[in-house]
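Chains as they are written, first to last, in numbering that gives the first Met the number 0: chain A, 0 to 373; chain B, 0 to 88.
In case anyone wonders, no lab produced these hints; they're calculated from the structure. Any given hint could turn out to be false.
As the list claims (entries may be wrong) - So, partial list: chain B residues that the calculated Cβ filter (under 10 angstroms) puts toward chain A:
#1 I47
#2 H49
#3 V50
#4 I54
Heads up, the beta-carbon is just placed ideally off N, CA and C, and yes, glycines get one too.
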Amino acid sequence: MKYLDEYRDPVLARRLLAELNGTATRPWAIMEVCGGQTHTLVRQGIDELLPAGVRMIHGPGCPVCVTPLEIIDKAVAIASRPGVIFTSYGDMLRVPGTHGDLLGVKARGGDVRVVYSPLDAVRVAADNPGREVVFFAVGFETTAPANAMAVLHAADTGVANFSVLVSHVLVPPAITAILDAPDNQVQAFLAAGHVCAVMGWTEYEPIAARYRVPIVVTGFEPLDLLEGIVMAVRQLEEGRAEVENQYARAVKRTGNAPARDAVRRVFQVTGRTWRGIGPIPASGLALAPEFAGHDAERRFAVEDVRATEHPDCIAGAILRGTALPTDCAAYGTRCTPRRPLGAPMVSTEGTCAAFHHAGRRRSAPTPSTVEVPR
Amino acid sequence: MCLGIPGRVVAVSEDERGPLTGTVDFDGIRRTVCLAYTPEAGIGDYVIVHVGFAISQVDEAEAAKTLAVLRAIPDALATELGPDAEVRS
Ligand code: SF4
Numbered sequence: 000m001k002y003l004d005e006y007r008d009p010v011l012a013r014r015l016l017a018e019l020n021g022t023a024t025r026p027w028a029i030m031e032v033c034g035g036q037t038h039t040l041v042r043q044g045i046d047e048l049l050p051a052g053v054r055m056i057h058g059p060g061c062p063v064c065v066t067p068l069e070i071i072d073k074a075v076a077i078a079s080r081p082g083v084i085f086t087s088y089g090d091m092l093r094v095p096g097t098h099g100d101l102l103g104v105k106a107r108g109g110d111v112r113v114v115y116s117p118l119d120a121v122r123v124a125a126d127n128p129g130r131e132v133v134f135f136a137v138g139f140e141t142t143a144p145a146n147a148m149a150v151l152h153a154a155d156t157g158v159a160n161f162s163v164l165v166s167h168v169l170v171p172p173a174i175t176a177i178l179d180a181p182d183n184q185v186q187a188f189l190a191a192g193h194v195c196a197v198m199g200w201t202e203y204e205p206i207a208a209r210y211r212v213p214i215v216v217t218g219f220e221p222l223d224l225l226e227g228i229v230m231a232v233r234q235l236e237e238g239r240a241e242v243e244n245q246y247a248r249a250v251k252r253t254g255n256a257p258a259r260d261a262v263r264r265v266f267q268v269t270g271r272t273w274r275g276i277g278p279i280p281a282s283g284l285a286l287a288p289e290f291a292g293h294d295a296e297r298r299f300a301v302e303d304v305r306a307t308e309h310p311d312c313i314a315g316a317i318l319r320g321t322a323l324p325t326d327c328a329a330y331g332t333r334c335t336p337r338r339p340l341g342a343p344m345v346s347t348e349g350t351c352a353a354f355h356h357a358g359r360r361r362s363a364p365t366p367s368t369v370e371v372p373r
Numbered sequence: 000m001c002l003g004i005p006g007r008v009v010a011v012s013e014d015e016r017g018p019l020t021g022t023v024d025f026d027g028i029r030r031t032v033c034l035a036y037t038p039e040a041g042i043g044d045y046v047i048v049h050v051g052f053a054i055s056q057v058d059e060a061e062a063a064k065t066l067a068v069l070r071a072i073p074d075a076l077a078t079e080l081g082p083d084a085e086v087r088s
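Chain A with its partners taken away, still in its complex shape (with noise of 0.2 angstroms):
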């Protein structure tokens, strides 16, 4: 087998995969909704290991990738603006806008600055209070409660100079969207480990018993993801529609309630726009009316600006699941990580990067269609 022997415990790795090569008796499509099991999955080449049938279909797990593009151009907008600092996580200053992106306003000459926690960025205006300081506060509910704690503490503190450009997504919603949509193909969902650390999974327990559908939190270590697969698939033989953890040594239940507080007092549930997918109601975060002082949108009133994708990119069908970055003509020549023509391909826990990593050809046939040697 191909790449089995990379692994740290490949004789686990075997065995799992035995397991799971004697539960599957039919084809399932399960899709997981975490960039970074992406990342493992396409590196390790599990996709390509699992019996024939089983597939792995990879979601809108990553934050950057789904941030909207009109949200990238009000970003862009308020950097170049005089007198502001921008600061945000460095995986967002290449995520092209429509106009180019927040490491083209820094080499123009505008304060952008790459911070790595946002309370940096709350010190950065503690230091600077003549000038306006921005934090790009983007992210699943793994960064919401960072950036809630920022929020709190610029107020708690009174640097009244600290605002957020706030665009925060929430995975629950999304995956009801996507059982949602008519051309679903997704049986079971691996749900992400460290989210769930945060929010726990009972947000995730009605929609397993509404849609009848299997849903296994799951770390993203190779060997946590070979044993949610296999979860899921004995759920999904057995005609069980549950959510199972696979991941107990991080997450519990109701995952971390200071977290899940401190989120909750400073946002409010309103609904997005995902990047490559369309409008989802009530599916992410915005301040609460409370915190509306340190609302970068209010406070630079940037208008409404009319986005539009580069019209090679087919980020959207790969977000829903429906196609491969491998079924794109600009995949690997027009579209690379250094050149990025759409958002999959910026950050590594976007699909597109995480193929280009791992090495995958245009050509190559998709995972469903390997043979795995048995």
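For this one, chain A is given, so just place chain B with the ligand on it according to the hints.
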């Protein structure tokens, strides 16, 4: 930004202004980390850190496995640990 890196708590700050912080060692790189969401984590404990915030406590073996995965992802440690992180492998 979403991967989450495990590290070992090596110091807890005595400073009572602002949220609870500490110093966390990631494979040789040290960072100030907010511990407000894992107040039970003490010196020597392992925590999973997202963008400067500990979000759950894990044991040492789990931390080692996750770090090995992250090292295999191009630039993952540098991206997650911010601009001036130097990654030792
Ligand atoms: S390879 Fe590039 S252009 Fe094609 S879908 Fe991916 S990001 Fe878009």
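Hints, one by one, checked against the model:
{"no.": "1", "hint": "I47", "result": "holds, 6 angstroms"}
{"no.": "2", "hint": "H49", "result": "holds, 5 angstroms"}
{"no.": "3", "hint": "V50", "result": "holds, 5 angstroms"}
{"no.": "4", "hint": "I54", "result": "holds, 5 angstroms"}
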